[in-house]
Amino acid sequence: MGQLFAVEVIYRGVFQKTLAKNIARDIVLAAHNEGKLGISFGRYGDAPERNGIPAKSFAIVAGDEETLQAGMAQYEPKQVDLTVVLDDTLCKGAESWAWYGLKPVHDALKPGHTLIVVSLENPSTLLKTIHRREQPYKLGVVKGVTSFSGMWVFKDDHTDVRILGAIAKALPEVLSLQSVETFINEKLKSPLKVASARTAFDRFATIEVKAGEGNPEELFKFDLPRWEDMRSGVSIKGQPQGGPYADPVSGKVGGFRPARNELFKKYSTRTQRPVINFSTCTKCTLCWLNCPDASFDVTPDGTYDANLEACCGCGICEEVCPVKDCVHMVNESEFHGNDSQWVAFKKDQHTYLKWLESTIKKAEPIEKRAHGFRYRGQYEEQIPEALEVAKKS
Amino acid sequence: MATLTLRVEEKKKSIEQEALITGAEAIAIACKLANVDVVTAYPIRPYDTVMQYISQLVADGEMDCEYIVAEGEHSQFEIVKHASVCGARVFCGSSGVGWMYAMEALTVSPALRVPMVCMVGNRALDDPGAFGVEHNDALAVRDLGWLLTWVDSAQEALDVALIAYRVAEDRRMFVPLAISCDGAFLTHSQALVKIPSAEQVKKFLPAYNRGDLLLHPDNVISVAPQANEDWVMEIRRQNYAVTEIACDVIREVYEEFETTFGRKYGNPFFEEYMTEDADIVLLGMGTMSTPVKVAVRKLRQEGKKVGFVRLRWFRPFAGPEIAKCLERFKAIGVIDRDFSFGSPDLSGVVATEVRSAMYTGSATRPPVLDFICGLGGREVTVPDVELMAEIVFESAKGIVQPLTQWIGLRG
Chain A
1 MGQLFAVEVI YRGVFQKTLA KNIARDIVLA AHNEGKLGIS FGRYGDAPER
51 NGIPAKSFAI VAGDEETLQA GMAQYEPKQV DLTVVLDDTL CKGAESWAWY
101 GLKPVHDALK PGHTLIVVSL ENPSTLLKTI HRREQPYKLG VVKGVTSFSG
151 MWVFKDDHTD VRILGAIAKA LPEVLSLQSV ETFINEKLKS PLKVASARTA
201 FDRFATIEVK AGEGNPEELF KFDLPRWEDM RSGVSIKGQP QGGPYADPVS
251 GKVGGFRPAR NELFKKYSTR TQRPVINFST CTKCTLCWLN CPDASFDVTP
301 DGTYDANLEA CCGCGICEEV CPVKDCVHMV NESEFHGNDS QWVAFKKDQH
351 TYLKWLESTI KKAEPIEKRA HGFRYRGQYE EQIPEALEVA KKS
Chain B
1001 MATLTLRVEE KKKSIEQEAL ITGAEAIAIA CKLANVDVVT AYPIRPYDTV
1051 MQYISQLVAD GEMDCEYIVA EGEHSQFEIV KHASVCGARV FCGSSGVGWM
1101 YAMEALTVSP ALRVPMVCMV GNRALDDPGA FGVEHNDALA VRDLGWLLTW
1151 VDSAQEALDV ALIAYRVAED RRMFVPLAIS CDGAFLTHSQ ALVKIPSAEQ
1201 VKKFLPAYNR GDLLLHPDNV ISVAPQANED WVMEIRRQNY AVTEIACDVI
1251 REVYEEFETT FGRKYGNPFF EEYMTEDADI VLLGMGTMST PVKVAVRKLR
1301 QEGKKVGFVR LRWFRPFAGP EIAKCLERFK AIGVIDRDFS FGSPDLSGVV
1351 ATEVRSAMYT GSATRPPVLD FICGLGGREV TVPDVELMAE IVFESAKGIV
1401 QPLTQWIGLR G
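From first to last, the protein sequence lines are chains A and B.
The numbering used here puts the first sequence at residues 1 to 393.
The numbering used here puts the second sequence at residues 1001 to 1411.
Any given hint could be a false lead.
Claimed, not checked - Computed spacing ranges between beta-carbons, pair by pair:
(1) B/A1241 <-> A/Q79: 31 to 37 Å
(2) A/P240 <-> B/T1107: 51 to 57 Å
(3) A/F41 <-> B/V1220: 36 to 42 Å
(4) B/M1233 <-> A/N185: 44 to 50 Å
(5) B/A1241 <-> A/E262: 24 to 30 Å
(6) A/D325 <-> B/N1228: 39 to 45 Å
(7) B/E1327 <-> A/A259: 56 to 62 Å
(8) A/E388 <-> B/T1107: 55 to 61 Å
(9) A/E217 <-> B/E1256: 55 to 61 Å
(10) A/D293 <-> B/I1221: 40 to 46 Å
(11) A/P240 <-> B/N1228: 24 to 30 Å
As the list claims (entries may be wrong) - To give an idea of the chain B side of the interface with chain A (calculated C-beta under 10 Å), a few residues:
(12) V1085
(13) M1100
(14) M1103
(15) E1104
(16) I1221
(17) W1231
Read the hints as simulated data drawn from the structure, not as lab findings.
The model shown is predicted, which means the values in this text are computed figures rather than measured ones.
Heads up, the beta-carbon is just placed ideally off N, CA and C, and yes, glycines get one too.
All chains, full assembly: derive it from the sequences and hints.
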């Protein structure tokens, strides 16, 4: 049997569905230029039509039919030769909508192989987020603004071909730069895109990540129950009601924290998080009322603290907040961990407010922050910006 | 008129009464005796007779229940599904394509462990639009976790309806159950029926207790979430576990029934008629038992040793027991009031199941012939039965017969 290669592309559901599908397809078509065979497919258990859901696409490439069939005999590749992450906030872990549990982005990556992340950050910064693991691997960044478009539209900002160029560098056994160029010339018919792929190939570099290097956070673990131990009637025990809780400084008990499912955390769908100024909050309740995921805890002070294990980052709280400078949505990659902002505020207000000030500067104005296109012509405006970033890197 | 009889004689509450009622009416009375909480209805013949009788009982103040006329069968079955999950004892039913229209609701109720009791007034599936009996409607759910039983008299309809609640609402079971009543022959013809007293029924049938599966603010649960391949097989295995014990539970309940009411059904799964010394037997479900029994007696007078086995429970299919019963005969003729187009040997559903049971459960494996007969409500006549018996006798002599034949067909 010949060699079998698998590449997985981890992406944000709906916003990057077409992009991920195209990349997986393009890998197969480019490799086919070298006489290889392959298939590409999306993970069936995902629901990539849902906002922000981490989802996966795969490309499997082999030198011959029988080897390919051996790869296809699996529901999805258990081990991959290369992982591409299309949004750096996914480095916090990918969790399928159909729920396989939160998994590190390199969960399926073979030892010594390459993880490619599209990001404006450096690899060393990303390693604060990417979980550590026992086997070493290589980490490379394709510098770029995260390419979000939508379900029916494809943002042609060259992210696709830049990824292909990087793959040709990282995994030449699957496809050469020559094959990528042939594919782009024949199928995409764009000399500009050929140039982008070539530039990405030339610039792509990786760092060696040692065993144990990275985010030390332990991902929650669980065992799937045996059929005899499962509740019957396709039923799930509900959560208890929740209740008041203590102020970390004064010990005063009050407010209300709803009980939440201990296993099902929703933060892996988040690309931005609310940052809250508790000193300007007027306790109007609007964020708490409008949050579709009941992710706000009512603090003993009567303010509202977004519980960051439950928050999906939809931004509705920011939109409904009537106070200027109270709730700001900030790119998720600015943060590590999910600790309570209110606790930090209570422990040291001065430090918190200083941190808040520097953090909310990074928040883009709300009208610029769409996952997709909010007005006609927005796409044309974004292309030069994206290309500028690419050039600088 | 029968309800009138009931009212007049209600004073003698603890004593069994007798009334001339149809099979549908018998089931309506069983619902009253079982103190059913929620009934949903949508008219389709022949099931509609039972909804009419229940509505009359409600209108007359004899029965206290929520009686909801749905806008179609799908809603009809969805409403009782939800009511049952909330702890209500429910009754529902339909016929033919009405049952099919409810199919999505029918498929979800076994996994959700909903002990809904239904009456299927067996009716041919459209097209052509026809009122007459065929068993394919109820049989459409045979693989989904439903319990399926066929009755052949109004008395049995009443008794089995009471048994049905006891079986379905047993905590070990909690699955939906359909009582099949042949359209016209049973649903629309009146017979003398012994009606037990409310006290007797109360003794036999404890209140429905949904326990930890009760959907209630005091027992917060979420029912029917989306699940993926990590969970589905385990959920199916739970329903399989029900089928593993179904025969034992049914047997227990029939014994209890006999103790409480004194009426004996013997083996719950099938009735044997003149089989003791029989060389061959015919086997079928439902009201065809009447012409078959008449024909068997006639043939016996002519010295032909023929018997009849009437299958009562199709799901669970008491395979080993049925095989054990049948293996002592030289040949078997199954009368299918249904079809299974393209099946092995192009036979009907019952014959295919019987052959399957015989293959693993019988050492002798006598020939099992199949007769497709009485479709669309066509009469299964005594001469039809005589002809079928004759063919089976030929087979018993070793003369090879076609495995499937259509009887009572023009042409």
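Cross-check of the supplied hints:
1. Judged by the Cβ atoms, the range 31 to 37 Å given for B/A1241 and A/Q79 holds: they are separated by roughly 36 Å.
2. Range check, A/P240 to B/T1107: Cβ separation about 33 Å, and the 51 to 57 Å hint is violated.
3. Restraint check, A/F41 to B/V1220: a C-beta distance of roughly 39 Å satisfies the suggested window 36 to 42 Å.
4. For the pair B/M1233 and A/N185, the beta carbons lie near 48 Å from each other, so the given range of 44 to 50 Å is met.
5. In this structure, B/A1241 and A/E262 meet the distance hint of 24 to 30 Å, their C-beta atoms being roughly 28 Å apart.
6. For A/D325 paired with B/N1228, a C-beta distance near 43 Å keeps the hint of 39 to 45 Å intact.
7. Between B/E1327 and A/A259 the Cβ separation comes to about 60 Å, which falls inside the hinted range of 56 to 62 Å.
8. Against the hinted window of 55 to 61 Å, the Cβ-Cβ separation of A/E388 and B/T1107 comes to about 56 Å, which satisfies the hint.
9. Range check, A/E217 to B/E1256: about 59 Å between beta-carbon atoms, so the 55 to 61 Å window is met.
10. A hinted range of 40 to 46 Å for the beta carbons of A/D293 and B/I1221 is inconsistent with their spacing of about 20 Å.
11. In this structure, A/P240 and B/N1228 meet the distance hint of 24 to 30 Å, their C-beta atoms being roughly 26 Å apart.
12. This hint holds: B/V1085 has a C-beta 8 Å from the nearest C-beta of chain A, less than the 10 Å allowed.
13. The restraint placing B/M1100 at the interface with chain A is violated, with a minimum CB-CB distance near 24 Å, outside the 10 Å limit.
14. Interface hint status for B/M1103: violated, as the beta-carbon distance to the closest one in chain A is roughly 18 Å, over 10 Å.
15. Look at B/E1104: its Cβ only gets to about 15 Å from chain A, farther than 10 Å, so that hint breaks.
16. Look at B/I1221: its Cβ gets to within about 5 Å of chain A, closer than 10 Å, so that hint holds up.
17. The restraint placing B/W1231 at the interface with chain A holds, with a minimum CB-CB distance near 8 Å, inside the 10 Å limit.
The structure is inconsistent with the numbered hints 2, 10, 13, 14, 15, although it conforms to all the rest.
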